[in-house]
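Assemble the complex: chain L is given as a structure, and chain Z must be docked to it using the hints.
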Amino acid sequence: MKISYNWIKEYLDLNVSPADLAEKIERTSVEVDDVVKPSDGLKKIVVGHVLSIEMHPDSDHLHICQVDVGEDEPLQIVCGAPNIDKGQRVIVALPGSRIAGNVKIKKSKMRGVPSAGMICALQEIGFSDDVVPKEYADGIYVLPADATPGDDVYDYLGMNDSLIDLDVTPNRGDMLSLNGTLHDLAAIYDRPVTLDQVDLKEAGHAIEGQLAVHVDADLAPQYRMRLVKQVKLAPSPMWLQVRLWNAGYRPINNVVDITNYIMLKYGQPLHAFDYDKFAGQDVYVRTAKAGEKLTTLDEGEHDLDPQDIVIADDKAPIALAGVMGGLSTAISDETVTVAIESAVFEHDHIRKAAQRHHLHTDASQRFERGVNQAGVQEALDAAAQMMNELAAGEVQLGSVVGSANIPDPAVITITLGHINAVLGTDLDLTKVTHILESLGFDVASEGETLTVTVPVRRNDIHIPADLLEEISRIYGYDELPTTLPTGRMTMGTLTSAQKLMRATRHSLEGLGLNQAISYALTTEDKAKMFLMQDSETTQLAWPMSVDHAVLRMNVVTGLLDDIAYNSARKVKDVALYEQGRVFYREDGTDRPNEQEHIAGAITGTLMPAGWNQPAQEVDFYQIKGIVEAYLKDMAVNGDVTYEANTDMPEMHPGRTADILVHGHRIGFMGQVHPTIAKQFKIGATYVFELNLQAIIDMPKQENQYDVISRYPAITRDIAMLVADDVTNEQIVALIEKRGGAFLQSVKLFDVYDGVKVPKGKKSLAYTLTYQDKNETLVDDAVTQAFEKVEKRLQDDLGAEIR
Amino acid sequence: MSLKDKLSELHQRGLAEIQKSSDLKDVNQVRVSLLGKKGPITEVLRGMRDLDAEERPKVGAFANEIRDDLTAALTKRREELENAVLNARLANEKIDVTLPGTPVAKGEPHVIQQIIDQIEDLFLGMGYQVLSGPEVEEDKYNFEMMNLPKNHPARDMQDTFYITKEILMRTQTSPMQARTLEKHDFSQGPLKMISPGVVYRRDTDDPTHSHQFHQVEGLVIDKHVTMADLKGTLQVLAHELFGDKFDVRLRPSYFPFTEPSVEADITCFNCGGKGCGVCKNTGWIEVLGAGMVHPNVLKMAGVDPDVYGGFAFGVGPDRFAMLKYGVDDIRNFYLNDVRFLTQFTKKG
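As they're listed, the protein sequences go chains L and Z. The numbering of the first sequence is this note's numbering, which starts it at 1 and goes up by one. The numbering of the second sequence is this note's numbering, which starts it at 803 and goes up by one.
If you are wondering where the hints come from, they were derived from the structure by calculation, not from laboratory data. Keep in mind that this is a model prediction, so the values were computed, not measured. Heads up, some of the hints might be wrong.
Below, computed lysine to aspartate or glutamate pairings styled on EDC-like, alpha-carbon distance capped at 20 angstroms [claimed, not checked]:
| id | chain 1 | residue 1 | chain 2 | residue 2 |
| --- | --- | --- | --- | --- |
| 1 | L | 352 | Z | 961 |
| 2 | Z | 1082 | L | 34 |
| 3 | Z | 1126 | Z | 882 |
| 4 | L | 572 | Z | 1139 |
| 5 | Z | 908 | L | 628 |
Bound-form chain L, shown alone (with noise of 0.2 angstroms):
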């Protein structure tokens, strides 16, 4: 809601400037979006009086006109509006003035007639196309005829003002209004505030003869109709105009104008109705009825659904209650009875109506977050009067209630004791009574207790913690001390899961991997991939996009994202590890487990190429060299092992992995399948996915010493054929199984499959290390146990020695 700082002024004596008034605010009540004043940036724009007028002899709808700007020469403008005339006063921007979007205004030659500036449109200066009125949407602005030329035509057209326009959060529905604002103001600046009384002249007959209510009070708990014979529609005086344009609203005419100037003065929407377009004389407050349709002001059509609230006459509804009026009974020129509608509805109706038809009113926003309940009888009267006098309009005798639920005042008890206790302050009684006071709350103290009587005005206040609020915004946040929580000890410290997870991340950061944290909802395609577990999927019911619709069930489809962007972008050596969850669904539940993950996935070269150093493009052994290290740092107590998978089918059948501990499969790695990598436009990419729960929740091996043998070691190399399918495990685990109390280590230094050995053979070469802790190991302990590592190589795998 757009305020205005000179409206302000007439009721509040504030010695601020409008920058201060509005930080004021946003520090106190509610946030301020900005302060404009309209005038600013504009420069020698005055009052013009056109003394004559001929047409431009080269141009059929160019005027040559002479303005009296205030000197002693008129001026000479061409001037293209079709409503110039003789006699009208209009803005003229004078030559080396500047005008709306800082355009500077020269003297020039327009078809070769001079022309000393420009006659301007109120657009022009600075207007938004919604608040220009509509006679003057498509030409020059015309002035009031008492319009002195060559004043500044600023005040004319209440550009000086300064225009707070204030965001005004859901809670604070009374802010949406003068009246609420200046209630707030008086409490922050501690001044009086003195608000209009109504002064309404009846005349005519009583209305109950004219006009019926019959009102739901469910859906309406207040209804009020008041009835306006006679108006004289015509445009509404400058002044009004002025505020209205200047709040953000386009002058319509005189009736119009003061329901929306009546709006935000006292906060309460009212309807004005052609009362001679009724059908009958009975208004009617209820739901509409299956089939109804209504046709509203903006000449939207609309199907009305069973939960909106119509007003409607004897035949047909005339108007969406609280959003927007009919268009069938909606003031015309012809009007000369006007039936003003001040009403409650219930909010949760008018939300979903404004929903539903996509109608977001202001009448709609104010009636969702709570009109004044108290004031609506003086807003209905307050419009009457306006009509009496702006429009010469017979106010009717009394008014027609339908229904008149006025709410009680909150009563809230409070002790001195919960407030300072809870905002760790020593206010005292005096203070805190002001404070409420100020905010025009009623109090009552008995000793240290506080019985505050809330106006209704304010709906958002009903329980202590509210008061609370107010006293601790209008004391000031500023005031408040600064201190940290007292009290028993705590300890802070992570679980031991917490505690895996960040030394996860620490372990692949020092292997080389940055951490990516990708979108957690994706393609149903992709959440349906690498995946280590049966899961059904789990999907958005209403998503934004297909590429953001099911929430993924592994984490390395995500990486292959990143890897896409980056290498759409040319960054071809990617390494990137996530750790996040992915969502398993069963069948016949809402709502999926939530499991950790961790995964990653390499691109291009790990290890960076340099001068020195060639590229070596990643393969499957550097991959699980990784993850081996990465489970070695987790030390998880069970061997870990790796068996082919020929099966996954987004991954490389060859060059896949299952990662086992203690024979528990808790991930994959390898190679991405080429068919599916095409698919991602990525290149060859080496990934792997373990269940980090699993990790988590498996024993772990503790760190312990273990002494140093200071009796030497004696190496053998052996090296032998085998058949290629014979694996680097078997033949590691039988050595170690036949290798002697004395066998520290075996190594794999060599493997060769190339022309050298027989097709179907491979040479593998180890190195056997023997050590005894306790004495110096003799040379035939060794030779006998290495002799019968080899023979049982020979014997069990076939293994030719070399």
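Here is chain Z on its own, set in the frame of chain L:
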């Protein structure tokens, strides 16, 4: 010529030869030729048996003196030559120390992770627990128990990714307030927790909106927790993340689950509070929402609001990172361009 004179002459000649030797091989030859069994000194000493018994020890001592001196001279010369050889080799081994070091593989934590870790460590130090909750939440915890009943305007459908009517992607980390309040045993001490995590909103991704982002919830509930404590806690947080020079100010706001509700601004880091484009000339930047926990939230979680109370706050690490580093597009955090990820390398 007396023996002594002979020895003197040998001495002088030997020193000259040592000095003349130009490499280690030479030095060795000189040593053999002077001091060897067939060398001149041994020869001279053989003539001692012709001397008087009185003279013999004197000449013997003199001969030993000469032998020691020559040995020392030889050692010195050898060391000189060895050093020369070494220095020549080292001179040869000179490299260009300005060539770049051999690259190593090095990964970086995500910038948002860094901020979350920083916040966690700060609050761990103040005795808070770190808790994490489900990303797929029940309507009950995400909204209802946070004092947002079904028809509340602040939970319009378009902001939330629903899965079913009752199940949704959490829109905030606040449901962890309800979840921990329900479980906490206050006889064991106050509740002090933070809860970082991913949250989701039904938004179209653009430079300032992301359908996925992060939040860190904070909650302290005890018998005597004040709004002044909240102010102090937020000040500590701002100092930790941005530096000691930053001030915090509170402004009234509205959240259904706190009363009073505030937004916290910090001094604009761009202009230091003078006013600039970043802070829209206010000198302040809004960074988080907070407040005193609404009695309804406590009540619904089974905590007596007449006995217990406290504060809650919610901070956005994405927003913090954008402010702290001037990141102009939130999507950078989730697209994982390596050139972006590797910019935030400062440790500690």
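Exercise. Which of the listed hints are not met by the structure?
Worked result: 3
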